[in-house]
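J.: Sequence:
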Amino acid sequence: YQVAETGDLRRTFERLLGHSLERFFFDWTERPGHPVVTVSSRYDADAKQVRVEVTQDQKGEPFAFPLTVSFAVSGGSEPVRLDLSVTEKRQVAFVPVSSRPTLVRVDPEHSLLAEVKEKKARGWWVAQLKSAPRVPERLRAVAHFAASRNAADRKLLVETVSNDKFYGVRVAAATALGRVADDLSRPALLAALEQDNPHVRSAAATALGAFGKNDAVADVLEAAWSEGDRSYKVEAAVLKSLARIRKPPLKMLEDALGRDSHREVIRQAALTALARRKEPRAIEILLEWTGADRPRRCRMAAIAGLGQRVTRVATPEEETGKVVKRLTGLLQAPGPRIRAVALQAMRRLGGSAKAAEDVVASLAEHDPEGRVRVAAQAALKAMQTEKTASAELDRLRGELESLRKRNRDLADRLKKLEAK
410 YQVAETGDLR RTFERLLGHS LERFFFDWTE RPGHPVVTVS SRYDADAKQV RVEVTQDQKG
470 EPFAFPLTVS FAVSGGSEPV RLDLSVTEKR QVAFVPVSSR PTLVRVDPEH SLLAEVKEKK
530 ARGWWVAQLK SAPRVPERLR AVAHFAASRN AADRKLLVET VSNDKFYGVR VAAATALGRV
590 ADDLSRPALL AALEQDNPHV RSAAATALGA FGKNDAVADV LEAAWSEGDR SYKVEAAVLK
650 SLARIRKPPL KMLEDALGRD SHREVIRQAA LTALARRKEP RAIEILLEWT GADRPRRCRM
710 AAIAGLGQRV TRVATPEEET GKVVKRLTGL LQAPGPRIRA VALQAMRRLG GSAKAAEDVV
770 ASLAEHDPEG RVRVAAQAAL KAMQTEKTAS AELDRLRGEL ESLRKRNRDL ADRLKKLEAK
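Going by the working numbering, the first residue of the sequence shown is number 410, and it counts up by one from there.
If you're looking for bench data, these hints aren't it; they were derived computationally from the structure. Cβ coordinates follow ideal geometry from the N, Cα and C atoms, glycine included. One or more of the hints may lead you astray.
As the list claims (entries may be wrong) - Derived Cβ-Cβ restraints for the label pairs, each shown as a range: (1) Pro704 to Gln411: 48 to 56 Å; (2) Lys734 to Pro658: 25 to 33 Å; (3) Gly807 to Lys528: 36 to 44 Å; (4) Gly744 to Gln411: 38 to 46 Å; (5) Asn559 to Glu603: 44 to 52 Å.
What the hints assert, rightly or not - Straight-line distance between alpha carbons at most 30 Å, and here's what the computed DSSO-like set of lysine-lysine pairs gives: (6) Lys656 to Lys734; (7) Lys763 to Lys734; (8) Lys457 to Lys529; (9) Lys529 to Lys564; (10) Lys468 to Lys528; (11) Lys564 to Lys622; (12) Lys642 to Lys660; (13) Lys498 to Lys468; (14) Lys649 to Lys687.
Please take these sequences and the hints and turn them into a complete structure.
T.: As structure tokens, then:
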């Protein structure tokens, strides 16, 4: 055996295949990035053909790759295929068909390593969502309709949550419905809480957290938490969403902290929910769970929760000082993840954590972990930005007071002149 390079592999393949692979290896092993492709399809009824335009939207030179577009036609046993060799930034092809296609499939085998976007008629998108045989195609259709606020498009997502045969597509549809919390999506998401697949139930529970102060949704989530679920992940999602809509009793959250679960998802959800509580006791509990005797995932959730709690709820200076002191101590923790999440919490605190500025500056310069240095630099910038903003505000206040004094002096002089 000897040392081999990528070029040796290319030449070996070329000897076996009998043609050059120089462009292929350049695109996929030497240059940065990947193709960003937009495929626009339009049917011309008069000419009985489909116009297909392919554009590469990434920066730089075009990639070279094969692209297949398939057209299902009514009455046809086999789809019409367009096999296009894409080498330019923009290419156009015309495909003759016997009638308007019922389904247009771009890269039907899902073999192209690219970011694919499509522009085509709504009917073709509907057909893709309902009948495309491959999951990536249906997910692309879900993403298309997720960007729409049209009631008809959202009804398609409602149907998908209930009917798609693959749970991953139902999860994507549930997540999309949660982006617009309205009367159309609520019944579908509530019904999805009863589906057999735990991934779908979890996605539905998470999406329901976007419904604000909706008592009906809160009642269902509260009942779901009380009844429990076969999946820890679903229970955690229910608790998180319930905390967003209706503040659960502190006792409920403390009880949740006593429950074991896979990867501590329930305790993490309870600690996240505590960050929304106004009671001083919430800070005490979060501080307790940052201790080295607690599971690492719980510690990280508690540390993040401290940063959220102090910035989300008006907190006395004394309590804020306790939080900053604990976060500063955690910057010396042996685990880089603990240090990083403590720095992220300090970043949220901004100028409130200025007492730790020297320690943070040292970590930004000397910490052996790159991610910790990046987090420290971000925290330091937040502290200094707030300090700069405060100094600028003081300067503006001083200038305003100076202008007021000058105005008073001018007014006095004017009165004296008028008196003469």
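J.: Lys642 and Lys660 were given as a pair; does the straight-line alpha-carbon distance stay at or below 30 Å?
T.: Distance of about 21 Å is within 30 Å: holds.
J.: Mind checking the alpha carbons of Lys457 and Lys529 for me, to see if they're no more than 30 Å apart?
T.: holds (16 Å)
J.: For a C-alpha distance cap of 30 Å, please report whether Lys564 and Lys622 respect it.
T.: holds (24 Å)
J.: Sort out whether Lys528 lies within 30 Å of Lys468, counting only the CA atoms.
T.: Holds, at about 20 Å.
J.: Given the hinted pair Lys763 and Lys734, is their alpha-carbon gap at most 30 Å?
T.: holds (11 Å)
J.: Is the Cα-Cα distance between Lys498 and Lys468 30 Å or less?
T.: Judged against 30 Å, a Cα distance of about 10 Å means the pair holds.
J.: Are the Cα atoms of Lys529 and Lys564 separated by 30 Å or less?
T.: holds (20 Å)
J.: Indicate whether the distance between the beta carbons of Pro704 and Gln411 respects the range 48 to 56 Å.
T.: holds (49 Å)
J.: Given the hint of 36 to 44 Å, is the C-beta distance from Gly807 to Lys528 inside that range or not?
T.: For Lys528 against Gly807, whose Cβ atoms are near 56 Å apart, the range 36 to 44 Å is violated.
J.: Does the alpha-carbon distance linking Lys656 and Lys734 stay inside the 30 Å limit?
T.: With Cα atoms ~28 Å apart, Lys656 and Lys734 stay inside 30 Å; holds.
J.: Starting from Lys649, check that the Cα of Lys687 is at most 30 Å away, please.
T.: Distance of about 16 Å is within 30 Å: holds.
J.: If I claimed the Cβ atoms of Asn559 and Glu603 lie 44 to 52 Å apart, would that claim hold in this structure?
T.: Roughly 27 Å apart at Cβ, these two residues miss the hinted range, so it is violated.
In summary, the numbered hints that this structure violates are 3, 5.
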